[in-house]
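Chemist: Take these sequences, add in the hints, and give me the full structure.
In the order they appear, the protein sequences are chains A and B.
For the first sequence, the numbering used here assigns the number 1 to the initial residue and increments by one for each residue that follows.
For the second sequence, the numbering used here assigns the number 1 to the initial residue and increments by one for each residue that follows.
Quick caveat, the hints were computed from the structure, so don't treat them as lab data.
Keep in mind that the hints are not guaranteed to be accurate.
Which copy? The list can't say, so a pair holds if one copy fits it or any two copies do.
List of simulated lysine to aspartate or glutamate pairs, EDC-like, C-alpha gap at most 16 Å [said to hold, decoys possible]:
(1) K202 x D57
(2) K240 x E230
(3) K234 x E160
(4) K198 x D152
(5) K234 x E244
(6) K198 x D212
(7) K234 x E38
(8) K251 x E230
(9) K257 x D225
(10) K26 x E230
(11) K215 x E77
(12) K215 x D185
(13) K257 x E241
Number of protein chains: 2
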Amino acid sequence: MDRIKNIVLIGAGNVSAHLAKALIFKGFTVVQVVNRSEKSGRKLAGLIKASYTGSLDQVHPGADMYILAVSDSALPEISSRLSLSQGIVVHTSGSVGMNVLQSTSPNIGVLYPLQTFRSGKKSPFQHIPFCVEGNSTEVEQKLVELAGMLSDNVHVINSEQRMILHLTAVFAGNFTNYLFTVAEDLLRQYDLPFELIKPLIKQTAANIRHTDLFKLQTGPALREDMPTIEKHLKLLENHKEYQEIYHLISKQIIHHKYRNDKL
Amino acid sequence: MDRIKNIVLIGAGNVSAHLAKALIFKGFTVVQVVNRSEKSGRKLAGLIKASYTGSLDQVHPGADMYILAVSDSALPEISSRLSLSQGIVVHTSGSVGMNVLQSTSPNIGVLYPLQTFRSGKKSPFQHIPFCVEGNSTEVEQKLVELAGMLSDNVHVINSEQRMILHLTAVFAGNFTNYLFTVAEDLLRQYDLPFELIKPLIKQTAANIRHTDLFKLQTGPALREDMPTIEKHLKLLENHKEYQEIYHLISKQIIHHKYRNDKL
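Modeler: Put into structure tokens, the structure is as follows:
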């Protein structure tokens, strides 16, 4: 297998667009964008001077690599309709195993950038963890090489580990953002500026430089300060959903404390 | 009322120690440390060259300000045993109303620094929000002045608002740290380095510069990607507590989405 040069991108969403720009910047050639929706497909293809097709039957057969940057749910069907005799076929999903691709090519793998992508937002890949997996040492090597050109943070991770990683990203990223949303919502309802708790959020995030984060846990639940917990639950009487979160996580913090004490 | 100069500190925990150092640095004099436990009381008093007493009957009567930096639960009893004819008496609690102090002095207030304090850790107050409240314009003015010397981030906030603020800090700070703990724990169990999700956490925290944080929400719940949610819940089969959190917050994210759509 030669060095990867020509790439076909399947999908034209955020991950695909960010990857396309980064790959071109590093000297790769994206020869084709394949996307069911013509509008976004042609838009991305135009931006990066690639050809466009809406049909999987017209996928360029001679590329070195095919990146399926599509939704998890679309992966099985697209895979079943791809059959390539050369080139590495990879997907970019955190929660789908590599083997969904097994009928597409003798050489398959995964290229999973662990970050939230949002359209329009600049996401330089430089420090973003790239998790790669390949069905042979040779494929893995190629993927490590390619990912290493986009990021200084490349890891070989198997499908099971990648799924766990994706799950923890939901806790640490998505759910955390939801807690911030809850705080923002409550402050707004009581005419308080969100600015007030920003330093606390920054401090909490900065604390991840430590290990054993439960040792940094503070607050009413950790202190088992039941009067304050009761007061807070009462304040949330008209926000039953937030009350449920408060109740559940407080209970678990107390529980976790004793579990740790026993170790 | 003259400018505040001489201060008595009641309590010798983290908040008290941090305040003591910052006040002295700004030219205030801490004349006395009052603390039931002699060891920590004398230690703090020695550090800042103040006198020490273990008895509330021996509180220095002529100070300009008395700061009760004690646990919420100790506030009612300590307040009932303090009776001062001059000086401002304040507490530093987020979740207790100002009026717990009403029998202590004609001049009462609150000085609440919104941050997590941990012993040993440097916590410069410079950008930490200070929420102040006084039972008269004059007291409030004095407290704004004093807090303004410690921090560039001073807000006049009444007792009800302060309680909400404290509640939101539990969501955005304490509960967020717990979610990081969950992620750390799961990664450790599957031999994955915590380093892998640090960039995501940094990005999530950096997003608070935006408003309307729910617009930044991503992840399987927002996409209503039920196969991934089911996969994640299955992965958590042996971690029932984490599974409960996953289930509850995912449900709320989906619910929140439709609530917002309706607005």
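Chemist: For each hint, tell me whether it holds in the structure or not.
Modeler: Here is what the structure says about each hint:
no.: 1; hint: K202 x D57; in the structure: neither (50 Å within a copy, 42 Å between copies)
no.: 2; hint: K240 x E230; in the structure: within (14 Å within a copy, 25 Å between copies)
no.: 3; hint: K234 x E160; in the structure: between (42 Å within a copy, 13 Å between copies)
no.: 4; hint: K198 x D152; in the structure: between (30 Å within a copy, 14 Å between copies)
no.: 5; hint: K234 x E244; in the structure: within (12 Å within a copy, 22 Å between copies)
no.: 6; hint: K198 x D212; in the structure: between (23 Å within a copy, 14 Å between copies)
no.: 7; hint: K234 x E38; in the structure: neither (53 Å within a copy, 37 Å between copies)
no.: 8; hint: K251 x E230; in the structure: within (12 Å within a copy, 24 Å between copies)
no.: 9; hint: K257 x D225; in the structure: within (14 Å within a copy, 33 Å between copies)
no.: 10; hint: K26 x E230; in the structure: neither (56 Å within a copy, 38 Å between copies)
no.: 11; hint: K215 x E77; in the structure: neither (46 Å within a copy, 30 Å between copies)
no.: 12; hint: K215 x D185; in the structure: between (29 Å within a copy, 13 Å between copies)
no.: 13; hint: K257 x E241; in the structure: between (25 Å within a copy, 13 Å between copies)
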